[in-house]
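*Asks:* Here is what each chain is made of, one letter per residue.
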Amino acid sequence: MLDPAHGGTDPGARGTGGIRESEIVLDFAVQVRRTLELQGFQVVQTRQGNENPSFDDRSATTNAQRGAVFVTLHISSTGLPGTARVYVNSDLPPVANAGGLIPWDRAQAPFLGLSKAFGDLVQGFLAQRFKGSPDTAQSASVRQLRTTAAPAIAVEVSSVTVEDRADLDRMAPGVADAIARGTAAFKPSYVVPSAPGALP
Amino acid sequence: MTPSWKYWLIGGLVVAVLAAAIYFPILRRRVKRAAKLQQQSEEQARRELTQPIPINPSDPRVKAKVFWVSDAIDSTLAPVTVELPLSNDPVLRSKQVLNTLLAGPVDAELRTLPPDASLLAFYLLPDGTAIADFSEALATSIPSGIVSEQLAVNSITRTLEANVPQVQRLKILIHGQEVETLAGHLDLAGTFVVNTKVAQEPAKPTPTPSGTDQPAAAAQTPAAGPGTLTATRTLGKLGQSESRP
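First to last, the protein sequences are chains A and B.
Heads up: the first sequence is residues 1 to 200, going by this note's numbering.
Heads up: the second sequence is residues 1 to 245, going by this note's numbering.
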């Protein structure tokens, strides 16, 4: 699942040069999608154009897929330009026996370990490509990740403050390659966790 | 048209141009003054709304730790020691340290919260859950992005953790309302763990995700005892998620 963040009336981060996060991430998504499909992955996007599905709509699209991984794409307003960071959701309260169902508001809880493993892999490849990027994924309370029932990461590229949009465009192939390589490396270890209370 | 009418017309036009030349600068000054007055009244209204925290000179001067950005590029937090007269009352004390955080460091580039943001109200529930209500500027003026929004919340929780031990968890409101995110990214639906040690006690520790600038934390929701006042019960959705920023 690829999620170009924001869209529609929500432009996301805006740079002084008129750069809008919602537009850039859509272009990034095209490149990431192409690279993943070349490696044989099936890719679904949460938005194709300039629309703005809600957080829950995006999660609903993702949660309907079995065996999916989720990547939400962002461009920051701050940070060292030319770097990229991967975030996984902060710890969530454990899901108690819910009769085989995962509570929607913390659907990410059973997947946190997998998200961390996936995030570290993608971040490792990003660090090789973009100097100054961290070596491992970091944790943050990212709203979009909390309701996603899949290994889920946010990739945030710095930043909309670049003077020329081409500086960001040049990062797209590297970001796409890192996500594709990370996904391929993660695939063998991905076993879909059963829901708490679910029958074996 | 006779020549005399022409002279009258030209004369009239000259007078009109002269009058406009004299009146235009006066009009411009008036417009500027009105704009300034409006700006001052908005600022005044904001100050009245936020009600400055009275500083009691008899309060002991304490070395408070306030967390601002250590480096504008690196995006990590570092404590700065500020000597302040701080109240022993946890609510007043929280307001005092948060207002210091909002005032910002000497180097404006190292601030974590927007300069026009203000703390509107602060409450502390008996179970240690604090509710901080910030003005809308916190959400509208902060640079949008995961890293900047997370730094803002981290600076608030870590400043409270360092100075007000009674605060265990924090719920952030914007202008009295629950909001989904701070500025499009950071989840404000639940509460943030402030006092790591206390929050960990009732629950089994869990592996900590890697973080950049925060101490390791396992954000487990403390079990609510029967009949106790908890965030979950008092604030509806608050207990749905709790996270360590």
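Note that these hints are calculated values from the structure, not bench results.
Treat the hints with care, since some could be wrong.
[Said to hold, decoys possible] Just a sample of chain B residues kept apart from chain A, beta carbon distances all over 12 angstroms, derived:
#1 A34
#2 D59
#3 E180
#4 L182
#5 N195
[To be verified] Pairs of lysine to any residue residues, derived as SDA-like cross-links and limited to a Cα-Cα distance of at most 20 angstroms, are as follows:
#6 B/K197 with A/P94
#7 A/K131 with B/P126
#8 A/K187 with A/G82
#9 B/K65 with B/A137
#10 B/K63 with B/D89
#11 B/K63 with B/A162
#12 B/K32 with B/V14
#13 A/K131 with A/G82
#14 A/K131 with A/G174
#15 A/K131 with B/A162
#16 B/K197 with A/P93
#17 B/K65 with B/G11
For every residue, glycine included, the Cβ atom is placed at its ideal position computed from N, Cα and C.
*Asks:* Compare the structure with each hint and give your call.
*Replies:* For each hint, the structure was consulted:
no.: 1; hint: A34; result: 30 angstroms, holds
no.: 2; hint: D59; result: 34 angstroms, holds
no.: 3; hint: E180; result: 6 angstroms, violated
no.: 4; hint: L182; result: 9 angstroms, violated
no.: 5; hint: N195; result: 15 angstroms, holds
no.: 6; hint: B/K197 with A/P94; result: 18 angstroms, holds
no.: 7; hint: A/K131 with B/P126; result: 48 angstroms, violated
no.: 8; hint: A/K187 with A/G82; result: 28 angstroms, violated
no.: 9; hint: B/K65 with B/A137; result: 24 angstroms, violated
no.: 10; hint: B/K63 with B/D89; result: 16 angstroms, holds
no.: 11; hint: B/K63 with B/A162; result: 10 angstroms, holds
no.: 12; hint: B/K32 with B/V14; result: 28 angstroms, violated
no.: 13; hint: A/K131 with A/G82; result: 8 angstroms, holds
no.: 14; hint: A/K131 with A/G174; result: 12 angstroms, holds
no.: 15; hint: A/K131 with B/A162; result: 34 angstroms, violated
no.: 16; hint: B/K197 with A/P93; result: 16 angstroms, holds
no.: 17; hint: B/K65 with B/G11; result: 74 angstroms, violated
Checked against the numbered hints given earlier, this structure breaks hints 3, 4, 7, 8, 9, 12, 15 and 17; the rest are met.
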